[in-house]
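**Q** Each chain, letter by letter, is given below.
2 protein chains.
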Amino acid sequence: MRILGIDPGYERVGVAVLEKKNAPQEVLIFSDCIQTSKKLSHEKRLLIIGTKLSEIIKKYKPDAVAIEKLFFNVNQKTALNVAEARGVLLYSVSLDQIPVQEYTPLQIKVAITGYGRADKKQMLTMIEKLVEIKKEISTDDEYDAIACALTAYAYKGANKKFST
Amino acid sequence: MRILGIDPGYERVGVAVLEKKNAPQEVLIFSDCIQTSKKLSHEKRLLIIGTKLSEIIKKYKPDAVAIEKLFFNVNQKTALNVAEARGVLLYSVSLDQIPVQEYTPLQIKVAITGYGRADKKQMLTMIEKLVEIKKEISTDDEYDAIACALTAYAYKGANKKFST
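These protein sequence lines map, in sequence, to chains Y and B.
Per the working numbering, residue 1465 is the first one in the first sequence, and the count goes up by one each step.
Per the working numbering, residue 1465 is the first one in the second sequence, and the count goes up by one each step.
Keep in mind that the hints were calculated from the coordinates and are not lab data.
Remember, it's a predicted structure, so these values are computed and weren't measured experimentally.
Check before you lean on any hint, since a few could be wrong.
No copy labels: a pair is met if it fits in one copy or bridges any two.
SDA-like mimics (lysine to any residue), calculated; alpha carbons at most 25 Å apart, straight line [claimed, not checked]:
hint, residue 1, residue 2
1, LYS1503, LYS1598
2, LYS1508, TYR1619
3, LYS1593, THR1542
4, LYS1525, SER1505
5, LYS1522, GLN1561
6, LYS1620, HIS1506
7, LYS1541, VAL1574
Could you put the whole structure together from the sequences, leaning on the hints where they help?
**A** Below is the structure:
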């Protein structure tokens, strides 16, 4: 089973494709950080986010998608932009009829470390134990996307179904 | 010049296609309210919003799109859902490479009535003077979409360019 994890954002979207084989570890097949320049118009930035995700879905054909849920942050303008980008990401996934599951940051931390207040370092340590990573990862967004995909495996193992 | 006005929403999206001919009034070509049922999953609702808008764009081939800007409201969950839907709407427009312009509720009220605190009744009275409407309109969302499209004509007349 191949899962695409997404860490939604407006300037930066983390994406990671993981595969569960018979080995104890999940394997990282692909990861990237989709970035959109501040110089572009709002609608161009959304267009890049949607079309790049569609390309990744087409290339890696995930069986399911796991995406992080949004919470409000202090900057309301940022929150709305990220929500608009997240809508585009969900729409691109739905156009390809791939089942999608959403997880809160708390659910992700608990799934990876067993501890809801885990810090970034604790998360990284566990991710590197849980996943076979043979490529270089240059952004936190990619690690966040991997963590989200791992959470989907954890929930799947616990017989929680994906919505379709 | 044909303009598609959009009043963004999650449960209800108002859409209206107006055409400017040589007559003093703009003509309403089409209007509708895209509705999504609460019984559907979040991603299905976004899928309906995007695919219905794409169908309307394909059928009516607008030269430009005018969409209302979002403001935060008291219900943060609602605001995020509407923002996600708005992202899908902007993405669908951008996929078809149609120039889009965004207007605040204040800009729309001023453009239609000359008064930033105009109420719903004042808006309706002016819309019915400004636009030739031969069909029955059943929702406020459609009137809001018409008002947004009218604002684009007003700005266009004032030589404000559409972004592309």
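**Q** Could you run down the list of hints and mark each one as holding or not?
**A** Going through the hints against the structure:
Taking CA atoms no more than 25 Å apart as the test, LYS1503 paired with LYS1598 passes in neither setting, with 34 Å inside one copy and 43 Å between copies. When the C-alpha separation of LYS1508 and TYR1619 is checked against a cutoff of 25 Å, the pair qualifies only between copies, where the shortest distance is 22 Å, while the shortest distance within a copy is 35 Å. For the homomeric pair LYS1593 and THR1542, neither the shortest alpha-carbon distance inside one copy (33 Å) nor that between copies (39 Å) is at most 25 Å. Taking the closest pair of Cα atoms, LYS1525 and SER1505 come within 25 Å of each other only across two copies (22 Å); inside a single copy the shortest separation is 30 Å, beyond that limit.
In this assembly of identical chains, LYS1522 and GLN1561 lie within 25 Å of each other by CA distance both inside one copy and across copies; the values are 12 Å within and 22 Å between. Taking CA atoms no more than 25 Å apart as the test, LYS1620 paired with HIS1506 passes between copies only; the shortest distance there is 20 Å, against 36 Å inside one copy. For the homomeric pair LYS1541 and VAL1574, the shortest alpha-carbon distance between copies (23 Å) is at most 25 Å, but the shortest distance inside one copy (29 Å) is not.
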